[in-house]
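Number of protein chains: 2
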Amino acid sequence: MAQKPSIPKGTRDFSPEEMVKRNYIFDTIKQVFRLYGFQSIETPAMENLSTLMGKYGEEGDKLLFKILNSGDFLSKVNDSELAGKDSIKLTNQISEKGLRYDLTVPFARYVVQHRNEITFPFKRFQIQPVWRADRPQKGRYREFFQCDVDVIGSDSLLNEVELIQIVDEVFRRLNINVVLKLNNRKILSGIAETIGEIDRIVDITVAIDKLDKIGLEKVNAELGEKGVSTDAIAKLQPILKLSGTNEEKLDQIEQVIGGSETGRKGIDEVRTIFNYLKQLDLGTEVELDLTLARGLNYYTGAIFEVKAKDVEIGSITGGGRYDDLTGIFGLPDVSGVGISFGADRIYDVMTQLDLFPKDKVTTTRLMFVNFGPEEEKYCLPMLAKLRAAGVNAEIFPEAAKMKKQMNYANKKGIAFVAMAGENEIADGLFTLKNMETGGQQQFDSRQLLETLTK
Amino acid sequence: MAQKPSIPKGTRDFSPEEMVKRNYIFDTIKQVFRLYGFQSIETPAMENLSTLMGKYGEEGDKLLFKILNSGDFLSKVNDSELAGKDSIKLTNQISEKGLRYDLTVPFARYVVQHRNEITFPFKRFQIQPVWRADRPQKGRYREFFQCDVDVIGSDSLLNEVELIQIVDEVFRRLNINVVLKLNNRKILSGIAETIGEIDRIVDITVAIDKLDKIGLEKVNAELGEKGVSTDAIAKLQPILKLSGTNEEKLDQIEQVIGGSETGRKGIDEVRTIFNYLKQLDLGTEVELDLTLARGLNYYTGAIFEVKAKDVEIGSITGGGRYDDLTGIFGLPDVSGVGISFGADRIYDVMTQLDLFPKDKVTTTRLMFVNFGPEEEKYCLPMLAKLRAAGVNAEIFPEAAKMKKQMNYANKKGIAFVAMAGENEIADGLFTLKNMETGGQQQFDSRQLLETLTK
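The listed protein sequences derive, respectively, from chains A and B.
Residue numbers 10 to 463, in my numbering, belong to the letters of the first sequence in order.
Residue numbers 10 to 463, in my numbering, belong to the letters of the second sequence in order.
No lab work stands behind these hints: they were computed from the structure.
Model, not experiment: these values are computed from the prediction.
Do not rely on the hints blindly, as some may be mistaken.
Heads up, the list lumps identical chains together, so a pair's fine if it works in one copy or across two of them.
When the alpha-carbon atoms are kept at most 16 Å apart in a straight line, the in silico EDC-like pairs for lysine to aspartate or glutamate are as follows [as the list claims (entries may be wrong)]:
hint	residue 1	residue 2
1	Lys-18	Asp-36
2	Lys-250	Asp-218
3	Lys-258	Glu-278
4	Lys-421	Glu-433
5	Lys-39	Asp-240
6	Lys-274	Asp-164
7	Lys-410	Glu-384
8	Lys-18	Glu-105
9	Lys-386	Asp-290
10	Lys-410	Asp-319
11	Lys-421	Glu-126
12	Lys-394	Asp-218
13	Lys-413	Asp-277
14	Lys-386	Glu-431
15	Lys-420	Glu-445
16	Lys-30	Asp-363
17	Lys-421	Asp-111
18	Lys-258	Glu-90
19	Lys-318	Glu-294
20	Lys-250	Asp-260
21	Lys-287	Glu-126
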């Protein structure tokens with residue numbers, strides 16, 4: 010019963026080479042998270058559908074992977090229900106669990122469920138796969154990893170500043186040039202309030218975003234078409250013409266929306282963050298960008314987005330402050346702020362720019378060629394010594410043809426190959442071949458150990 | 010809409026404290042795997058049901074978590090089919106994917122699917138969760154991690170030896186006393202062949218296993234009841250009375266089953282393994298144990314099982330050699346050997362024996378108390394210096410009450426707390442409090458850095 014094996018579309022296998030690169034990204038991110046006092050948690054792949062449904066909008070509900078109840082799941086479904094052939098209705102009766110769609114909702118659930126064990130402010134990170142029944146396409150998968158870092162239970166803006174520092178440090182270590190764009194939901198609300206179009210936040214940010222492409226005149230025309238009043242459009246002009254440094258922009262915005270309490274609060278928050286950043290030695294450019302409108306139904310303060318400067322790709326990291334994440338689970342008024350690193354896109358950026366370090370020793374460093382039982386016996390104690398010294402090493406498990414063994418070492422990217430035939434054994438030596446240069450040299454065991462551990 | 014949040018039964022959240030301990034186990038295992046030249050791969054959580062079904066027996070098929078097809082999954086089901094209310098039949102029509110049940114079948118699928126990219130022998134490890142719709146009970150979960158390590162594409166017994174070395178090294182590093190039990194499927198076949206009861210392998214191993222508990226007489230009686238012939242039982246006596254060292258046992262077995270070619274081959278294999286082990290400096294006791302019958306429908310040579318000596322618990326690691334893992338996917342005659350570490354049981358053993366190291370610095374090492382804007386400003390550059398030196402450090406994000414801040418540091422297990430009030434700032438100093446001893450000392454920034462990095 011030979012089957013042609015394959016995996017579900019939108020999912021991926023990761024080869025050893027890919028794993029080394031992916032782990033390089035994850036390890037870098039984790040190290041920085043820990044440096045800033047964040048601790049990891051993990052939640053189950055499956056959550057109750059009652060936890061997940063209704064949290065991602067109607068479209069999101071459809072994109073949840075739902076798990077069929079075990080056993081005779083149809084026995085409790087009544088016949089008329091079944092005859093109706095309504096997939097959505099039937100789903101509620103034959104499925105109680107789903108795969109997590111993101112790490113945010115499970116985190117909110119975790120915080121509420123474990124609130125008596127958690128010491129707040131809770132600085133947690135979480136790196137796990139999520140699943141979405143999205144249409145797969147280039148760069149979009151049905152199983153992908155999220156790397157989330159959040160502080161919950163503190164409304165200090167120092168948290169925002171530390172997240173910006175984390176972004177700076179992660180991309181400095183990964184060697185990716187980025188720009189961090191910063192916005193504040195309260196400023197957007199202040200603008201909408203000031204021009205008397207409170208429900209138009211999205212239209213306005215879309216308009217600002219199009220400025221570069223279509224010009225001021227067309228943007229104004231579009232706003233009019235969308236029903237924004239002439240008066241409001243007139244008031245909006247200074248915002249659309251915003252220019253200069255972050256500080257200058259903030260001053261211009263203040264002149265327009267200074268009358269709105271919410272708007273002023275937003276400006277204060279952004280100023281405080283910039284003041285902190287001034288004292289820090291940040292390599293990353295931080296830019297106030299009013300077009301940033303991600304997660305608007307969700308974020309209540311700062312909004313972050315990180316873009317790679319040298320590659321055309323969407324944002325590679327993003328996040329913001331939310332004031333009521335846990336409210337849906339019965340714990341209101343807990344403020345938090347967090348960001349999420351997009352591991353897959355970061356991987357793509359690093360591949361395109363060839364940024365993965367070549368000298369990362371996460372694979373075997375030395376392989377002994379296997380010439381037969383006698384030679385094997387001579388090599389095994391040396392192999393044990395090398396491993397005891399922490400050198401990743403192996404011996405080819407059988408006396409296969411030399412070409413096959415060298416090919417194996419080559420394909421696996423092994424740096425050195427050690428050979429010991431009759432002559433070497435007689436002299437108590439090993440011939441060490443550098444697989445990159447092709448150079449060979451003879452060593453005794455002490456020298457071999459030294460060469461490979463230095 | 011406050012919901013009381015919970016997670017599906019049989020699944021778990023892992024808190025920061027649990028994550029540190031779990032990662033200690035996983036990191037130890039991974040390090041040893043890499044030391045022996047193994048490389049990691051990962052496969053998707055979801056596999057096509059055609060890959061999974063029929064691989065774990067009828068019972069296993071029932072224990073697979075199946076994923077409901079997306080969209081209007083009922084539209085293609087015909088009405089009469091639906092009216093039949095046969096859950097199993099319907100499942101085939103509304104579900105095409107399932108969660109992986111173990112790492113072995115996905116690995117076999119991986120090897121066949123990627124056979125042109127893989128260089129054999131392929132030494133891979135894989136550490137990922139698996140899911141089973143088993144009835145949850147103490148120590149048995151519906152989501153749990155497996156840590157598998159396999160060599161595929163080589164029938165050299167050196168591979169078996171290296172897996173035994175890996176077991177030895179992992180448990181030496183984790184500080185768990187274990188005994189490794191070794192059996193060989195070919196010896197069991199040889200016994201069954203010799204006594205003329207080829208289909209009775211399981212009955213015979215069960216009988217041998219009961220010897221200690223019920224005695225020789227009752228074991229013989231039970232074998233008779235099960236239909237094993239008097240003649241066969243008589244031939245079996247020397248096997249039942251096996252005693253002495255591993256070598257002595259092998260000699261006794263040889264006298265009984267030496268006439269069976271398969272049996273002799275099994276004895277040779279075990280002898281070869283013991284001869285290798287004699288040359289190695291192994292801390293772990295390796296014991297020939299004919300009662301080991303795990304995965305009999307599957308393993309074709311060596312069978313391994315590892316038990317903790319100081320705790321009453323099932324096997325914590327196990328595996329063996331299989332000659333046709335990839336045959337089901339159309340790639341016959343590829344021999345492999347592998348073992349799987351049971352991370353959850355290892356965790357339980359280490360918890361019971363209190364073996365987790367106390368001094369593992371995977372959490373924050375230093376927290377600055379936050380007394381307000383001025384003090385914060387004084388502390389932030391020092392905090393940056395410490396982090397630049399690789400010290401996991403944080404500052405409490407707001408000027409909360411002293412008691413709250415100290416309580417936070419305490420609960421989080423932070424080793425040191427640094428304080429700088431008016432006096433310290435005037436003198437350019439920090440007061441460092443050791444949270445374990447309660448001792449306090451004043452340092453300038455150079456001394457503080459030295460103290461925390463030594």
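Hints versus structure:
Proximity of Lys-18 and Asp-36 under a CA criterion of 16 Å is satisfied in neither setting, with 28 Å inside one chain copy and 31 Å between copies. Proximity of Lys-250 to Asp-218 under the C-alpha cut-off of 16 Å is restricted to the intra-copy arrangement: shortest distance 12 Å within a copy versus 85 Å between copies. In the homo-oligomer, the alpha carbons of Lys-258 and Glu-278 lie at most 16 Å apart inside one protomer (14 Å), although the nearest pairing across protomers, at 78 Å, exceeds that limit. Taking the shortest alpha-carbon separations for Lys-421 and Glu-433, neither the intra-copy value of 25 Å nor the inter-copy value of 57 Å comes in at or below 16 Å.
Taking CA atoms no more than 16 Å apart as the test, Lys-39 paired with Asp-240 passes in neither setting, with 50 Å inside one copy and 65 Å between copies. Taking the shortest alpha-carbon separations for Lys-274 and Asp-164, only the intra-copy value of 13 Å comes in at or below 16 Å, while the best inter-copy value is 71 Å. With identical chains, the CA atoms of Lys-410 and Glu-384 are at most 16 Å apart within one copy only, with a shortest distance of 14 Å there and 70 Å across copies. For the homomeric pair Lys-18 and Glu-105, the shortest alpha-carbon distance between copies (11 Å) is at most 16 Å, but the shortest distance inside one copy (24 Å) is not.
Taking the shortest alpha-carbon separations for Lys-386 and Asp-290, only the inter-copy value of 14 Å comes in at or below 16 Å, while the best intra-copy value is 57 Å. Taking CA atoms no more than 16 Å apart as the test, Lys-410 paired with Asp-319 passes in neither setting, with 47 Å inside one copy and 46 Å between copies. Taking the closest pair of Cα atoms, Lys-421 and Glu-126 come within 16 Å of each other only across two copies (11 Å); inside a single copy the shortest separation is 46 Å, beyond that limit. Taking CA atoms no more than 16 Å apart as the test, Lys-394 paired with Asp-218 passes in neither setting, with 62 Å inside one copy and 39 Å between copies.
With identical chains, the CA atoms of Lys-413 and Asp-277 are never at most 16 Å apart, being 68 Å at best within one copy and 27 Å at best between copies. Taking CA atoms no more than 16 Å apart as the test, Lys-386 paired with Glu-431 passes inside one copy only; the shortest distance there is 12 Å, against 70 Å between copies. In this homomeric assembly, Lys-420 and Glu-445 come within 16 Å of each other (Cα to Cα) only inside a single copy, at 12 Å, whereas the closest approach across copies is 51 Å. In the homo-oligomer, the alpha carbons of Lys-30 and Asp-363 lie at most 16 Å apart inside one protomer (11 Å), although the nearest pairing across protomers, at 35 Å, exceeds that limit.
For a Cα distance limit of 16 Å, the shortest separation of Lys-421 from Asp-111 qualifies neither inside one copy, at 35 Å, nor across copies, at 26 Å. In this assembly of identical chains, the alpha carbons of Lys-258 and Glu-90 never lie at most 16 Å apart, being 60 Å within a copy and 66 Å across copies at closest. For a Cα distance limit of 16 Å, the shortest separation of Lys-318 from Glu-294 inside one copy, 10 Å, qualifies, whereas the shortest one across copies, 58 Å, does not. With identical chains, the CA atoms of Lys-250 and Asp-260 are at most 16 Å apart within one copy only, with a shortest distance of 13 Å there and 93 Å across copies.
Taking the closest pair of Cα atoms, Lys-287 and Glu-126 never come within 16 Å of each other, the shortest separation being 37 Å inside a single copy and 51 Å across copies.
Hints 1, 4, 5, 10, 12, 13, 17, 18, 21, counting from the list given before, are not met by this structure.
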